[in-house]
Amino acid sequence: MSHAPDRSGTWIGWAFFADLADGLALTFGYMFSRSVTMQYPDKEKWLPYSRYRGHHFLKRDEEGEIKCVACELCARICPCYCIEVIPYEDEKGNRRPAKFEIDMARCLFCGLCEDACPADAIALGQQYEFSSFSSRDLVVGRDDLLDKPGKATTGGGVVAARLNTEQDVLVETSEPQGYDWWRNIRRT
Amino acid sequence: MELVVALGLIAFKVALLIAILLLLPLPLTWVERKIAGHIQQRMGPMRVGWHGLLQPVADGIKLLTKEDHIPAEADRFLFKLAPILALAPPFVVFVAIPFGESISVLGHEITLYVSNMNVALLFVFAVIGIEVYGVIFGGWAANSKYAVLGSLRTCAQMISYEIPMGFAVIGVVMLAQSMSLLDIVRAQADVWNIVYQPVGFFVFFVAGLAEAQRIPFDLAEAEGDLGAGFHTEYSGIRFAFFMVSEYAVMLLVSVLSVILFFGGWNGVLIPLPPLLWFVLKVAFFVYLFMWFRFTFPRYRYDQLMAIGWKVLLPLSLANIIITGVAFL
Ligand code: SF4
Ligand code: SF4
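These protein sequence lines are chains X and A, in that order.
Following my numbering, the numbering of the first sequence begins with 440 at its first residue and continues without gaps.
Following my numbering, the numbering of the second sequence begins with 4 at its first residue and continues without gaps.
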């Protein structure tokens with residue numbers, strides 16, 4: 440409350456608790472202002488920014504071949520030692536990963552693997568809902584990584600969503616772009 | 004026959020009162036969390052039932068099924084006694100509280116109070132004073148430093164705030180010429196006491212905040228510095244007892260404020276049923292309590308004592324003298 444009148448030194452304000460009343464008025468105003476709660480997962484969901492670092496994904500080149508050349512640089516730079524790459528030579532004589540596993544339970548989503556990759560083969564995408572009851576399920580292999588969603592193109596918004604628990608727990612949404620969450624923040 | 008009917012009626016009223024007082028904390032916790040949420044631009048409970056309405060039920064079940072833990076070094080007898088001592092007095096007090104004149108059901112006039120004592124006010128203060136034992140025993144028996152500190156603070160706080168609280172209502176008693184709460188309300192039929200006794204109300208309400216252990220005077224609990232104060236070591240149903248007692252005292256202070264200073268069930272301007280007026284006024288005070296809680300920080304202990312002895316006590320004494328002089 441920087442714009443509150445300075446009542447220090449005026450005895451009337453002191454005697455009638457003007458500053459307490461100011462505080463009460465402020466909280467009363469807040470009480471009827473919009474709430475900023477994002478009702479995830481029941482009603483709303485946040486779409487990540489394109490720079491968001493979520494679940495990894497492996498990229499393919501134009502011919503649909505996996506881009507990774509199994510140089511293991513990502514495995515080397517990873518501060519958590521959570522990537523394991525085993526190379527092999529495919530029919531065309533290219534070096535490719537036979538096994539490419541990331542332990543998501545240990546990953547800290549620093550993005551160093553993405554930075555280190557010389558073939559632009561790995562990146563951190565937009566998926567952030569992959570919690571699991573067993574940490575073993577969080578070890579993701581090559582083929583799963585190829586299917587993971589890539590970077591978000593739009594993002595940074597809150598969209599209407601629906602919680603679906605029929606089979607798996609899913610938070611579904613059909614809207615591509617939502618409202619800016621910050622619009623509800625009240626600034627006085 | 005007459006006697007049996009009268010006794011049955013009293014038993015029914017008491018049972019109803021106990022049921023209401025035991026169940027009222029459920030919606031009140033919901034309301035409090037909603038108010039807290041919205042003041043902090045959150046939504047409060049939303050997921051259990053419509054807008055979280057069933058949240059208190061879920062919490063209640065959780066409290067009932069939780070382990071009832073007694074610390075190894077605790078004084079087991081006092082530890083078990085304390086929640087009951089804290090819970091009983093606020094319930095007993097409501098026996099003396101009138102909620103309205105009377106309503107007619109099936110041709111019978113039924114009074115909306117259990118008993119009309121001629122010393123009701125004295126009774127209320129005497130019984131509510133006992134509540135402090137629950138807090139002291141609870142803190143002492145748990146054998147934990149946080150609990151002892153919390154109950155020591157409460158002890159000093161309750162004793163020093165009961166004095167101005169008692170003095171504050173003397174003005175009201177002088178105006179009504181009676182200590183019966185019924186007569187006090189009847190005396191306010193035209194003009195509410197708040198008009199004649201603004202200072203008395205101020206002292207009473209501030210002392211009531213302290214008595215109910217609510218922010219800004221909730222030093223007994225002071226979750227910031229004492230864990231949870233005197234009930235740090237309590238869990239499960241015993242903790243629920245303390246919670247219910249706290250809400251009952253809050254309700255009591257609201258009810259007393261309405262009866263003593265805001266005309267009880269006497270309405271103004273809008274003709275509503277007296278009972279509705281009463282409930283609305285009490286609801287306003289309960290809201291005020293919650294509103295305060297999420298607005299003000301907690302006072303420091305020495306400030307609390309200074310307010311009690313250096314501000315409220317002289318104010319309440321001055322109020323008595325001025326009322327007396329004006330009366331003469
Ligand atoms: S984001 Fe960081 S921690 Fe995770 S796999 Fe890549 S380098 Fe390792
Ligand atoms: S993902 Fe990139 S850095 Fe990692 S092994 Fe493949 S090519 Fe090398």
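Worth double-checking, as some hints may not be accurate.
Stated by the list, open to error - Residues of chain A clear of chain X, computed beta-carbon distances all greater than 12 angstroms:
{"id": "1", "residue": "A22"}
{"id": "2", "residue": "I38"}
{"id": "3", "residue": "A39"}
{"id": "4", "residue": "M46"}
{"id": "5", "residue": "V108"}
{"id": "6", "residue": "G169"}
{"id": "7", "residue": "R217"}
To be verified - Label-pair restraints from in silico Cβ distances:
{"id": "8", "chain 1": "X", "residue 1": "L463", "chain 2": "A", "residue 2": "K148", "range": "48 to 56 angstroms"}
{"id": "9", "chain 1": "A", "residue 1": "L56", "chain 2": "X", "residue 2": "A544", "range": "31 to 39 angstroms"}
{"id": "10", "chain 1": "A", "residue 1": "A75", "chain 2": "X", "residue 2": "Y567", "range": "15 to 23 angstroms"}
{"id": "11", "chain 1": "X", "residue 1": "V598", "chain 2": "A", "residue 2": "D193", "range": "54 to 62 angstroms"}
Keep in mind that the hints were calculated from the coordinates and are not lab data.
In this text, a Cβ means the ideal position worked out from N, Cα and C, and glycines have one as well.
Hint check results:
1. Look at A/A22: its CB is around 31 angstroms from the nearest CB on chain X, clear of 12 angstroms, so calling it non-interface holds up.
2. Separation of A/I38 from chain X is inadequate, the least Cβ-Cβ distance of about 7 angstroms not exceeding the 12 angstroms criterion.
3. At roughly 10 angstroms from the closest C-beta of chain X, the C-beta of A/A39 falls inside 12 angstroms, breaking its exclusion from the interface.
4. Taking the minimum C-beta to C-beta distance to chain X, about 4 angstroms, the non-interface status of A/M46 is violated against the 12 angstroms cut.
5. Non-interface call for A/V108 relative to chain X: holds, since the shortest CB-CB distance, roughly 39 angstroms, exceeds 12 angstroms.
6. With 12 angstroms as the threshold on Cβ separation, the claim that A/G169 sits away from chain X holds: the shortest Cβ distance comes to roughly 23 angstroms.
7. For A/R217, the non-interface assignment is confirmed: its Cβ lies about 15 angstroms from the closest Cβ of chain X, beyond the 12 angstroms cut-off.
8. Our hint of 48 to 56 angstroms for X/L463 and A/K148 is violated, since their Cβ atoms are close to 35 angstroms apart.
9. Separated by about 38 angstroms at the C-beta atoms, A/L56 and X/A544 satisfy the suggested range of 31 to 39 angstroms.
10. Evaluation of the 15 to 23 angstroms hint for A/A75 and X/Y567 yields a failure: the beta carbon distance comes to about 45 angstroms.
11. For the hinted restraint 54 to 62 angstroms between X/V598 and A/D193, the CB-CB distance of approximately 60 angstroms keeps it satisfied.
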